[in-house]
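> Need the complex rebuilt from these two chains, each delivered in its own frame; the hints are there to steer you.
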Amino acid sequence: MAQPPRPVRVFFKEIKKGDVLKFATQSNIAMSGGGARDLRFPVVPFHALLAPMFPHQDGPRRRRGIVRWAAANVTSSAEVVLWGPTKARPREARIGRFYEIDGWKVDAQSHAAEIGAGSRWFALLVQLNNNEVWARTLKERDLGGEQAWFADCVREKINETRPTRSVWGFIAKDNGVICI
Amino acid sequence: MSTTADGGASLHAHQILRSLKQKHNVLVSGAPATGKTRVLTEVNDLFAGVGSPPPFAPAGPNAFPVEGAVQPGSELPSPTKTKRRVWWVTFHQGTKYRDFVCGLRPRVGKGVEFEVVVGPLVDAIIHASSPDGASLVIIDEINRGPAVLAFGQLIGAIESSKRAAPDGTATRESVPFDILTPDGKTETRYMPADLYILAAMNEADTSIEPLDVAFRRRFAPYVLPVDESLLRAWFGLPTTPATLPTAAAAVTDVYEGLVQAWVAVNRTIELGRGREFQLGHGALMLKPQTETSLALLDAVELWATLVAHAREVFFGDTPGLAEAIGADQAASPYRLEEELFGGTPAPRLVEPKIDVTNVYAVLRSAAGAPPPAPA
Numbered sequence: 000m001a002q003p004p005r006p007v008r009v010f011f012k013e014i015k016k017g018d019v020l021k022f023a024t025q026s027n028i029a030m031s032g033g034g035a036r037d038l039r040f041p042v043v044p045f046h047a048l049l050a051p052m053f054p055h056q057d058g059p060r061r062r063r064g065i066v067r068w069a070a071a072n073v074t075s076s077a078e079v080v081l082w083g084p085t086k087a088r089p090r091e092a093r094i095g096r097f098y099e100i101d102g103w104k105v106d107a108q109s110h111a112a113e114i115g116a117g118s119r120w121f122a123l124l125v126q127l128n129n130n131e132v133w134a135r136t137l138k139e140r141d142l143g144g145e146q147a148w149f150a151d152c153v154r155e156k157i158n159e160t161r162p163t164r165s166v167w168g169f170i171a172k173d174n175g176v177i178c179i
Numbered sequence: 000m001s002t003t004a005d006g007g008a009s010l011h012a013h014q015i016l017r018s019l020k021q022k023h024n025v026l027v028s029g030a031p032a033t034g035k036t037r038v039l040t041e042v043n044d045l046f047a048g049v050g051s052p053p054p055f056a057p058a059g060p061n062a063f064p065v066e067g068a069v070q071p072g073s074e075l076p077s078p079t080k081t082k083r084r085v086w087w088v089t090f091h092q093g094t095k096y097r098d099f100v101c102g103l104r105p106r107v108g109k110g111v112e113f114e115v116v117v118g119p120l121v122d123a124i125i126h127a128s129s130p131d132g133a134s135l136v137i138i139d140e141i142n143r144g145p146a147v148l149a150f151g152q153l154i155g156a157i158e159s160s161k162r163a164a165p166d167g168t169a170t171r172e173s174v175p176f177d178i179l180t181p182d183g184k185t186e187t188r189y190m191p192a193d194l195y196i197l198a199a200m201n202e203a204d205t206s207i208e209p210l211d212v213a214f215r216r217r218f219a220p221y222v223l224p225v226d227e228s229l230l231r232a233w234f235g236l237p238t239t240p241a242t243l244p245t246a247a248a249a250v251t252d253v254y255e256g257l258v259q260a261w262v263a264v265n266r267t268i269e270l271g272r273g274r275e276f277q278l279g280h281g282a283l284m285l286k287p288q289t290e291t292s293l294a295l296l297d298a299v300e301l302w303a304t305l306v307a308h309a310r311e312v313f314f315g316d317t318p319g320l321a322e323a324i325g326a327d328q329a330a331s332p333y334r335l336e337e338e339l340f341g342g343t344p345a346p347r348l349v350e351p352k353i354d355v356t357n358v359y360a361v362l363r364s365a366a367g368a369p370p371p372a373p374a
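These protein sequences, in sequence, are chains A and B. The opening position of the first sequence corresponds to residue 0 in numbering that gives the first Met the number 0, with each subsequent residue numbered one higher. The opening position of the second sequence corresponds to residue 0 in numbering that gives the first Met the number 0, with each subsequent residue numbered one higher.
Each hint should be verified, as a subset may be incorrect.
[What the hints assert, rightly or not] Straight-line distance between alpha carbons at most 20 angstroms, and here's what the computed SDA-like set of lysine to any residue pairs gives:
hint : chain 1 : residue 1 : chain 2 : residue 2
1    : B       : LYS184    : B       : LEU103
2    : A       : LYS138    : B       : PRO60
3    : A       : LYS104    : B       : PRO60
4    : B       : LYS20     : A       : ALA70
5    : B       : LYS80     : A       : GLY144
6    : A       : LYS138    : B       : PRO54
7    : B       : LYS20     : A       : VAL73
8    : A       : LYS104    : B       : GLY59
9    : A       : LYS138    : B       : GLY59
[What the hints assert, rightly or not] For each label pair, taking beta carbons as the anchor points, the in silico distance ranges come out as:
hint : chain 1 : residue 1 : chain 2 : residue 2 : range
10   : B       : ALA169    : A       : GLY17     : 54 to 60 angstroms
11   : A       : ALA116    : B       : PRO165    : 25 to 31 angstroms
12   : A       : ALA70     : B       : LYS95     : 43 to 49 angstroms
13   : A       : GLU155    : B       : GLU172    : 52 to 58 angstroms
14   : A       : GLY58     : B       : VAL65     : 38 to 44 angstroms
15   : B       : PRO237    : A       : GLU78     : 17 to 23 angstroms
16   : A       : PRO54     : B       : ALA241    : 27 to 33 angstroms
17   : B       : LEU148    : A       : ALA116    : 54 to 60 angstroms
18   : A       : GLY17     : B       : LEU270    : 55 to 61 angstroms
No lab work stands behind these hints: they were computed from the structure. Even for Gly, the Cβ is constructed at its ideal location relative to N, Cα and C.
The shape of chain B in the complex, shown without the other chains (with noise of 0.2 angstroms):
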């Protein structure tokens, strides 16, 4: 017996939906290249797909839905909802209240002139608030821009335990937020039950905003692993890693190579610098080749990759650049020496060119398998 994801969207997006039909906002994150924008993607498709049942549902009450019918009990927010809609919006620096919220915007004409701007999340709790209505909202890269400072005072209101009850009036806990309406004035909401925000992020990026707790205490985490199956799978290799010859005689052992380096490297960025810093599975995925000229090839690529990565990682640390990338190895070609500098010994990273000739035996060595014995 075996389980898997089923076909279609990912497990990661289905649990990513059960989660925010419980707690309202989910924040993905992850390293890079793992997924996080594709499984955006899953949960917009699986948001939006009501209406249009399967035509064979292996789960729930029918096996052959009526054309329209929702199942009930399903994981899907808000399944009674018939008029489904997803506003995608992403963050950057010069992201503001006006632009995500609702604000004035100077318009250009005779004299001083402003103009209301109702921002997607204004739009998405008007949609919400309609009988039929549900709303997703997805923010990409929620911290590359100052997301407090967009969310405003709508910050306490998003809370799950602080919106509407789902026939739209107030409880004792909600907490109510003010918006401009068309003609300027002001308009007291709660935020609507049936409005969902997803938001995500790469943690590892240097040129981010740091989100606050208080900020982050409203959303349900949900961290995409970097994934060594999925990229065996991609490859057509064995679940667990395989000795790796002394020389690459097939595909399979360039791939099972790659693979095991690329662990290896990660391992080590895991432990200089923190998980969020490994490379993702995704950033492996080239069409698996079926020649193994063309897969060292690609081999050559996907090593700069990897070394390129680890660079920026450990930038400014060449020892640390030298460890992850296996230069300690026996059979290692990457050196690490010193050198004086200004009367001081400073580290340098010898490196050499790295084709087709030789980077079987520099994935060989930096997965840490043993020096071909000499001949």
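Excised from the complex, chain A in its bound form (with noise of 0.2 angstroms):
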């Protein structure tokens, strides 16, 4: 019997209030540091990180690829566009209209109250080794529930972040496990 698929990349991202509006409303939300309809992350370390799940190169700074995510057994997918840095943004890179990808759709009030019962609510982008792409969401209190490997390094990042900031990460699973 063929093996599933595994995990070889996972970004991931903690979803904050701002992130939950800008998904709602489609608009610019400056608490979340604007960009009406884009996620935006620091381009050191996580652009270079990203690439590789964008393979369709279209120009210097506009990468694309195909994104999937499941709800009730049913399997979507959208294109995703990553851009690079610009002159007027050199440390950031983003997400285009992220609002697409319905695997990250978290409604206000169940964000709220997740917050309210101190558990963080994470958006995950996950490469599998035969090149798929997949967005989900996640939970801190269900990470009693996951690979150490996984767990781990979300816990390691936790720990190292402000509260008031959002916490990132990546994991390279190639050889080993690396978490950046």
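Given below as structure tokens:
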């Protein structure tokens, strides 16, 4: 029997209130760093790490790839663009129109309740060894059911990050496990 | 954005699994070659697959589940049960209550002796009654045997609302039944909540036993459709029908003609006999060719399959057969004629020899494409 595909790259980002509002309104929300339709993140180290998940390069700053997600046993997908830094924002990279990734959708009420209960909510982008890229969310309180290589890295990044900042991280799992 | 079944098992298998969880008993039906046995196998694998979670789960509370963890809230019936077994049974004309449930069987030896036979359903009941057990009984060709006779008094007990509570105790609605123990005594039982029955049948087959309404009512129906989109995807064709050229210049022209002819034949069968008599997409799924000449060779075989199916469906009805294969189309090489038989006009279908030189024209005309303009 064929082995099921295994994860080789995992990007995770804490979903903040501003991200939820961005998702809902698809408009410019200053409290999450602006960017009307984009998920912005530090160009170092994440842009280079995320690039293999978006294999089609259209130009020096633009890469795209298919992102999949599952809900109620139905798989959906969308083409998503990864943008490199600009002269105006040399320290930022971004995933364009991220609100089209329904696999990351979190409603504001559930998000507030989760935060109120002391649990963070994360958006994940997972690349498998068959090159498929999947989006999904994950609650901090469910980390106990995760394999150690993943749970330990997320916990490490939570401990390193000030409470007011968003928790980011990346796991490379080609050879061993590297938590960045 | 696109929406498809996820990788691995089909969307049908997931939906059937969810229906099993809710209703306990599911009856899968569909035209021949719609993938019934395949979907049974997929449900078998999904049901038995607990305890080895995938390295990555696109949905559920965990993304990278710990080995052996069960995903609560999933579609899996009895998700907390770790000892999961599946029984496969195929009904036939000789299937008896004794074979399927339990009974006495003569034993060859000195004098007259009998032994107790425990059938797969009782075996599954005993397993599902154990603390960690969950059972799935798969019955293929359920209407090829005397199903009501084979279930006997258990017909009432299998109903979802008539089962025992999850802890094994009887409720006010639970229906009791007796089984034979190996020492020949009778024992009263209730159908466990962790036992599921998945049956499949082909309603179009002429050599079948009809299922009575009371029996069918105890199963949630699930109909596997004839699916043109699957056949189009198989042959690498566009999702919607394309105009057929007058001559096949490429492999895709041949397959487009084949799919359109199949759709037209099935449409006539649906009108003349009923949807369940159509020919499923699986019957045409030969390995796609990359050369037109080889595709035409396959098309000859597949057109013969279509005609043979229509001949069986319209057995004794020559005009119906002629209609099904498009003999009325202007460009069709088939002709419906009348001859006198005992002084009475009788229909006769004149059939040409079909080979690679004319099969595309046959497909094209059966699909209802306009005849080529005269040279």
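> Now, for every hint given, state plainly whether the structure supports it.
Results for each hint:
{"no.": "1", "hint": "B:LYS184 / B:LEU103", "in the structure": "holds, 11 angstroms"}
{"no.": "2", "hint": "A:LYS138 / B:PRO60", "in the structure": "holds, 8 angstroms"}
{"no.": "3", "hint": "A:LYS104 / B:PRO60", "in the structure": "holds, 15 angstroms"}
{"no.": "4", "hint": "B:LYS20 / A:ALA70", "in the structure": "holds, 18 angstroms"}
{"no.": "5", "hint": "B:LYS80 / A:GLY144", "in the structure": "holds, 18 angstroms"}
{"no.": "6", "hint": "A:LYS138 / B:PRO54", "in the structure": "holds, 18 angstroms"}
{"no.": "7", "hint": "B:LYS20 / A:VAL73", "in the structure": "holds, 18 angstroms"}
{"no.": "8", "hint": "A:LYS104 / B:GLY59", "in the structure": "holds, 14 angstroms"}
{"no.": "9", "hint": "A:LYS138 / B:GLY59", "in the structure": "holds, 11 angstroms"}
{"no.": "10", "hint": "B:ALA169 / A:GLY17: 54 to 60 angstroms", "in the structure": "holds, 56 angstroms"}
{"no.": "11", "hint": "A:ALA116 / B:PRO165: 25 to 31 angstroms", "in the structure": "holds, 29 angstroms"}
{"no.": "12", "hint": "A:ALA70 / B:LYS95: 43 to 49 angstroms", "in the structure": "holds, 46 angstroms"}
{"no.": "13", "hint": "A:GLU155 / B:GLU172: 52 to 58 angstroms", "in the structure": "holds, 53 angstroms"}
{"no.": "14", "hint": "A:GLY58 / B:VAL65: 38 to 44 angstroms", "in the structure": "holds, 42 angstroms"}
{"no.": "15", "hint": "B:PRO237 / A:GLU78: 17 to 23 angstroms", "in the structure": "holds, 20 angstroms"}
{"no.": "16", "hint": "A:PRO54 / B:ALA241: 27 to 33 angstroms", "in the structure": "holds, 30 angstroms"}
{"no.": "17", "hint": "B:LEU148 / A:ALA116: 54 to 60 angstroms", "in the structure": "holds, 57 angstroms"}
{"no.": "18", "hint": "A:GLY17 / B:LEU270: 55 to 61 angstroms", "in the structure": "holds, 59 angstroms"}
Checked against the numbered hints above, the structure violates none of them.
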